[in-house]
Amino acid sequence: MPTPRLSPGEFQKRLLAWFDQHGRHDLPWQSPRTPYRVWVSEIMLQQTQVATVIDYFNRFMARFPTLDALARAPQDEVLHLWTGLGYYARARNLHKAAQVALAEHGGELPVESEEALIALPGIGRSTAGAIIAQSTGKRAVILDGNVKRSLTRLHAVPGWPGRPAVERKLWSLADYYTPAKRLADYTQAMMDFGATLCKRGQPACVACPFSDVCLAFAHGEVQHYPESKPKKALPTRQTFMLLLQDAKGRVWLEQRPPSGLWGGLWSLPQFDTQQALDDWVAMHTVAPQHEPARPVFTHTFSHFRLEISPQPVVCTTLTGVRENGVWYDLNDPPELGLAAPVKRLLTQAHAEARTFDLENAPGHA
DNA sequence: AAAGCGGGGGG
DNA sequence: CCCCCAGCTTT
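Position 282, counted from 1, in the first sequence is what the UniProt record's numbering calls 282; the numbers after and before it change by one each time, with no gaps.
Treat the hints as calculated values from the structure; they're not laboratory data.
Check each hint, because a few of them may be wrong.
Said to hold, decoys possible - Within a straight-line C-alpha distance of at most 27 Å, the following computed DSS-like cross-link-like pairs (lysine-lysine) qualify:
no., residue 1, residue 2
1, 169, 13
2, 343, 248
3, 169, 248
4, 13, 199
5, 229, 199
6, 138, 169
7, 181, 13
8, 248, 199
9, 169, 181
Turn these sequences into a full structure, and let the hints steer you where they fit.
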């Protein structure tokens with residue numbers, strides 16, 4: 001346990017005073033505050049902000065007013081009501097958990113047992129704590145992203161909260177400050193405090209009831225907490241892109257498979273090696289002429305770097321009909337979705353073609 | 001364009 | 001213990 005900044009009693013007193021004045025007291029799941037309604041709200045609130053959740057929650061409750069109704073509904077309907085919220089595994093887990101509760105817990109959420117709650121799909125330690133505290137008022141601890149942020153600042157806890165050692169420390173702090181009474185209010189207060197005052201971007205430290213004891217604030221380093229996830233070096237992959245142009249200067253594009261990287265977008269034919277590209281050209285084109293390779297350039301994705309080697313080739317036509325492709329006219333471009341680096345290459349090719357035309361135009365010096 | 005987000009799952 | 005993933009929002 002790091003040095004306490006405040007006694008639990010003093011912390012709770014200040015937090016609840018702030019909550020009474022500035023917290024959220026009229027959220028749809030706060031009345032009536034049943035285990036089922038609190039549960040659904042907590043699942044929706046994972047990775048999603050309150051303002052977004054409210055409408056989804058109300059629609060969901062109108063269609064599935066009880067755990068029983070949810071358990072007996074077809075999964076398609078559950079997913080339909082989740083459309084737009086994202087992270088659809090949450091909806092599948094929620095649905096599955098409702099069926100488990102119906103079969104194994106008499107149609108009720110097992111809110112008397114944190115362990116039983118955590119055993120349900122989609123409910124981890126923090127969500128279980130939130131459900132218990134909010135729906136039963138019994139003592140339970142939460143540690144969501146808001147609470148993590150507030151506590152790392154208050155105690156200037158170093159390290160990325162995703163690391164187990166840091167997370168253990170934060171759980172112990174969260175437990176230390178948690179009261180035995182007014183659990184629903186306290187839990188909501190912790191979440192509201194992080195969401196509306198101790199925000200990630202511009203925390204309102206001037207209005208904060210803990211600014212006199214906050215270590216990060218004292219050091220003028222509020223924005224340094226919590227530390228961010230260490231970013232790892234991105235792996236690099238290579239690809240060879242065939243920039244195939246016909247006699248009219250049109251470029252051959254092929255549509256990507258519907259899912260995965262650049263799913264459904266149009267791209268130049270791609271190959272893992274120069275040899276594979278050459279083989280394809282030899283096999284599928286008529287009178288190909290390789291031009292000097294263009295400079296290699298890099299496109300960065302969230303999880304890897306792609307080194308692209310563009311190989312221009314001019315041919316008279318393709319052999320055989322290729323159904324997943326089009327000849328893309330640079331001067332009259334069809335409205336296709338293009339992968340970003342492909343768009344860049346096509347723009348270059350177009351600019352060069354125009355330069356060529358100008359230089360060779362009649363009357364040009 | 002990048003970071004953040006709770007839980008699940010695999011190595 | 002580590003890493004990755006899902007999808008949308010905020011920065």
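Is residue 229 close enough to residue 199, meaning Cα to Cα at most 27 Å? The hint holds at about 18 Å.
Holds or violated: residue 169 and residue 13, Cα atoms, limit 27 Å. Distance of about 23 Å is within 27 Å: holds.
Please verify whether residue 169 and residue 181 have alpha carbons no more than 27 Å apart. Roughly 23 Å separates the two Cα atoms, so the pair holds.
Between residue 181 and residue 13, does the CA-CA distance stay at or below 27 Å? The given pair, whose Cα atoms are some 11 Å apart, holds under the 27 Å limit.
Run the distance test for residue 138 versus residue 169: straight-line Cα separation, threshold 27 Å. holds (23 Å)
Quickly compare the C-alpha distance for residue 343 and residue 248 to 27 Å and report which way the hint goes. holds (19 Å)
Pairwise hint evaluation, residue 199 against residue 13, where the allowed Cα distance is 27 Å at most: Within the cut-off at roughly 21 Å; holds.
Please verify whether residue 169 and residue 248 have alpha carbons no more than 27 Å apart. Measuring from Cα to Cα gives roughly 67 Å; hence the hint is violated.
Run the distance test for residue 248 versus residue 199: straight-line Cα separation, threshold 27 Å. Violated - the C-alpha atoms of residue 199 and residue 248 are around 57 Å apart, more than 27 Å.
In the structure shown, a violation is registered for the earlier hints numbered 3, 8, in ascending order.
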